Amino acid sequence: MPEDTVTNVVFAGLGGQGIIKASDMLAEAAFRSGYDVKKSEIHGMSQRGGSVTSDVRFGREVFSPMVPSGEAQFMVALDSTQIDAARHVMRPDGLIFNPEMFLKDGQTFDDFDKNPGSPINRRNLNVALLGVLSTHLDLEESVWLEAVYANLPEKLHEQNAAVFAYGREVGKKA
Amino acid sequence: MTDTSGKNRMLLSGNEAVALAARDAGVALASAYPGTPSTEILESLATLGGPAQWAPNEKVAYEVALGAAFGGARALACMKHVGVNVAADPLFTSMYTGVSGALVLVSADDPGMASSQNEQDNRRYAPAAGIPMIEPADSQEAYDFLFTAFEMSERWKLPVMLRMTTRVCHSQTVVTPRAKGLDPLPTHFEHDIRGRVMIPGFARPAHRRLRAKLAEIYTWGETMPLHRRFDGSKKLGIITAGVCYVHAREAAPDASFLKLGMTYPLPYNMIKEFAKSVERCVVIEENDPYLVDACRAIGVACEGKAEMYRFDEMNVDRVRRILAHDESPEPVRPPGKPPQLCVGCPHRSALSVLKKLDCIIMGDIGCYTLGVLPPVDAMDSCVCMGASIGNGLGLRHVLPPDEARRVVSVIGDSTFVHGGITGLVEMAYNPPPTGHVVLILDNGTTAMTGLQDHPGTGVKLNKKQTHKLSFEDLARSIGITNVHVFTGVDPAGFEALVKQSLASEELTLIIARRPCLLSVKKQKAQPKAAAEKTNA
Numbered sequence: 002m003p004e005d006t007v008t009n010v011v012f013a014g015l016g017g018q019g020i021i022k023a024s025d026m027l028a029e030a031a032f033r034s035g036y037d038v039k040k041s042e043i044h045g046m047s048q049r050g051g052s053v054t055s056d057v058r059f060g061r062e063v064f065s066p067m068v069p070s071g072e073a074q075f076m077v078a079l080d081s082t083q084i085d086a087a088r089h090v091m092r093p094d095g096l097i098f099n100p101e102m103f104l105k106d107g108q109t110f111d112d113f114d115k116n117p118g119s120p121i122n123r124r125n126l127n128v129a130l131l132g133v134l135s136t137h138l139d140l141e142e143s144v145w146l147e148a149v150y151a152n153l154p155e156k157l158h159e160q161n162a163a164v165f166a167y168g169r170e171v172g173k174k175a
Numbered sequence: 005m006t007d008t009s010g011k012n013r014m015l016l017s018g019n020e021a022v023a024l025a026a027r028d029a030g031v032a033l034a035s036a037y038p039g040t041p042s043t044e045i046l047e048s049l050a051t052l053g054g055p056a057q058w059a060p061n062e063k064v065a066y067e068v069a070l071g072a073a074f075g076g077a078r079a080l081a082c083m084k085h086v087g088v089n090v091a092a093d094p095l096f097t098s099m100y101t102g103v104s105g106a107l108v109l110v111s112a113d114d115p116g117m118a119s120s121q122n123e124q125d126n127r128r129y130a131p132a133a134g135i136p137m138i139e140p141a142d143s144q145e146a147y148d149f150l151f152t153a154f155e156m157s158e159r160w161k162l163p164v165m166l167r168m169t170t171r172v173c174h175s176q177t178v179v180t181p182r183a184k185g186l187d188p189l190p191t192h193f194e195h196d197i198r199g200r201v202m203i204p205g206f207a208r209p210a211h212r213r214l215r216a217k218l219a220e221i222y223t224w225g226e227t228m229p230l231h232r233r234f235d236g237s238k239k240l241g242i243i244t245a246g247v248c249y250v251h252a253r254e255a256a257p258d259a260s261f262l263k264l265g266m267t268y269p270l271p272y273n274m275i276k277e278f279a280k281s282v283e284r285c286v287v288i289e290e291n292d293p294y295l296v297d298a299c300r301a302i303g304v305a306c307e308g309k310a311e312m313y314r315f316d317e318m319n320v321d322r323v324r325r326i327l328a329h330d331e332s333p334e335p336v337r338p339p340g341k342p343p344q345l346c347v348g349c350p351h352r353s354a355l356s357v358l359k360k361l362d363c364i365i366m367g368d369i370g371c372y373t374l375g376v377l378p379p380v381d382a383m384d385s386c387v388c389m390g391a392s393i394g395n396g397l398g399l400r401h402v403l404p405p406d407e408a409r410r411v412v413s414v415i416g417d418s419t420f421v422h423g424g425i426t427g428l429v430e431m432a433y434n435p436p437p438t439g440h441v442v443l444i445l446d447n448g449t450t451a452m453t454g455l456q457d458h459p460g461t462g463v464k465l466n467k468k469q470t471h472k473l474s475f476e477d478l479a480r481s482i483g484i485t486n487v488h489v490f491t492g493v494d495p496a497g498f499e500a501l502v503k504q505s506l507a508s509e510e511l512t513l514i515i516a517r518r519p520c521l522l523s524v525k526k527q528k529a530q531p532k533a534a535a536e537k538t539n540a
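From first to last, the protein sequence lines stand for chains A and B.
Residue numbering for the first sequence is 2 to 175, as defined by this note's numbering.
Residue numbering for the second sequence is 5 to 540, as defined by this note's numbering.
This is chain A alone, in the form it adopts within the complex:
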């Protein structure tokens, strides 16, 4: 990516799905990598199950905390019903990552939730999708993990490292 390019990622979903947490992790990874970072979302109603979006922007210098229309290179959608509400910020060639990319033919999320051996479930989809996103961004994997750990209690570190790695594998194949 050229020096003066700002990377814009928009997160979309519903209150309670881990949108803010996922955007915190990306912002932290970019921040720890020495970039100027701005992150913006509206609080206040998110606990009531309404739509939540969060913008993360990083680069050499970032001005507005909100991604202008048509300038997001990536969208992380934790709920596919919420993609349309944020689509206007996407660049025409922007990439959208949503939970369905983890499903093989005929699978549903119930299959993951029922199977204790499954690497992912509904609760850690946010970290899995960050794993996918990470394969498109020039941030060190070790910094990503630091950022994930910094936002989770220690007992969840190992499990989420595995989820993040799973997301990276899916991202590399996609």
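Hints listed in this document are in silico derivations from the structure and should not be mistaken for laboratory results.
Computed from a predicted model, the values in this text were never measured in an experiment.
Backbone N, C-alpha and C fix where the C-beta goes; we use that ideal spot for every residue, glycine too.
Honestly, I wouldn't trust all of these hints.
As the list claims (entries may be wrong) - List of simulated lysine-lysine pairs, DSBU-like, C-alpha gap at most 35 Å: (1) B/K360 / B/K528; (2) A/K156 / B/K467; (3) B/K341 / A/K105; (4) A/K115 / A/K22; (5) B/K472 / B/K503; (6) A/K156 / B/K525; (7) B/K184 / A/K22; (8) B/K525 / A/K115.
To be verified - Covered by chain B, per the in silico footprint, the following chain A stretches (three or more residues, Cβ under 8 Å): (9) 65 to 78; (10) 114 to 128.
Stated by the list, open to error - Computed beta-carbon distance windows for the label pairs: (11) A/S119 / B/Q527: 36 to 42 Å; (12) A/E141 / B/G30: 35 to 41 Å; (13) A/D94 / B/E283: 35 to 41 Å; (14) A/G71 / B/P378: 30 to 36 Å; (15) A/Q160 / B/H192: 52 to 58 Å; (16) A/G16 / B/F315: 23 to 29 Å.
Mind docking chain B on chain A? Use the hints.
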């Protein structure tokens, strides 16, 4: 979060930056009532171990902070934009009394009304009250400007307003804090009867003193480092302030800029010189035409924004449209999913009973206001904190009896403490002919703003126990004859109680007491988290 590169960098929201600056600036007391988008300032300060406490409402918060500043301390009062309406009475006269230490008022405005009942522009308060106003554009400025606000307040012995907006409060940006903060000021009370007792004879000279101080601040402001000028292309010059600056810099990177740090008093000469230096001068601001009207009043030829851009937040897209004179309708975005009362929320069943009984429901500010939306559909008004009781009484007085008997006032526990108590006093003082029924939906927390404690919970911001206000005892002492506490989960029992209360034509307070589901979850999680810490 802190950078690991060794540089002293942090990624903070504007609210967190204000909290950190308050701690570093040696603030002795910070008082506030929770309100989006300002709530996290005091929560963060408390987390940092700072002297932060919730007040019952913004008027009390401001008065407590003013008292601390009378005693020589640095004090902070924080509130959302409509909170300043509540605190406006002490605010205006505090500009006459001034302070001995320092006092900063944080006004957090909510352009676009992410979580508010109106879109008022509190920049209007600055000239109205005569309070100097400075506006940060990001978290670094929020940190730095709080120090400046205290320096100004100490120098001129006047309260100073730090005016923020939702995007500045909630966006996270990079902050480099000061290596060394300020020591707290020594506190002491010095009698100054003519200076602080605002009877007319003392207030008249006090008003003149205020205007003289503002004239000095104006002169200082013409050279102050808080304003920034960038000389870019002479073809376009943009005058702006606060978060609009970063939107405008992005939309017009080649333009010249005058970024105003202090927006009251305004640096008129600086504005005139800047406008003269460019071919086209445009003022970019959110909401009201505050800056552009001021510029035009001093004869500066400049463009403002079309009326359509008064509404909602500014952003990069809108700045581009304003600069291109584009007044075509803005693209309509697909609506997101609206928030709603949680499934299983005790407010739902209470409001559904009122709906079933065909009540006229005077509502209030809080989670239960979401009861206006489907599937509950049970609310007839929502004006301001505490208005439900007065509104209900007014209706009871004038409606035909068959309609008056259906009026109920519905208010939450935190809102009742904030602005409902005097309504209850009015109810006992001027009882309507058909009586009245007030329903306190007591879920034991300030739920809407994120589960803050209040005098009715008996817990302080620092989680220490304190006196717990009893609504029952309070109501009885006010003179409310019937006080019922309903803790059941049985809608039929609640319905019978409401029916009986409406039919009695007496003054009745029903306290429907069941904890907020989210707070129960939080309370369950807290001891567990504490136990984990102990084990670690």
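Quiz item: Of the numbered hints stated previously, which ones are contradicted by the structure, given in increasing order?
Solution: 10 and 11
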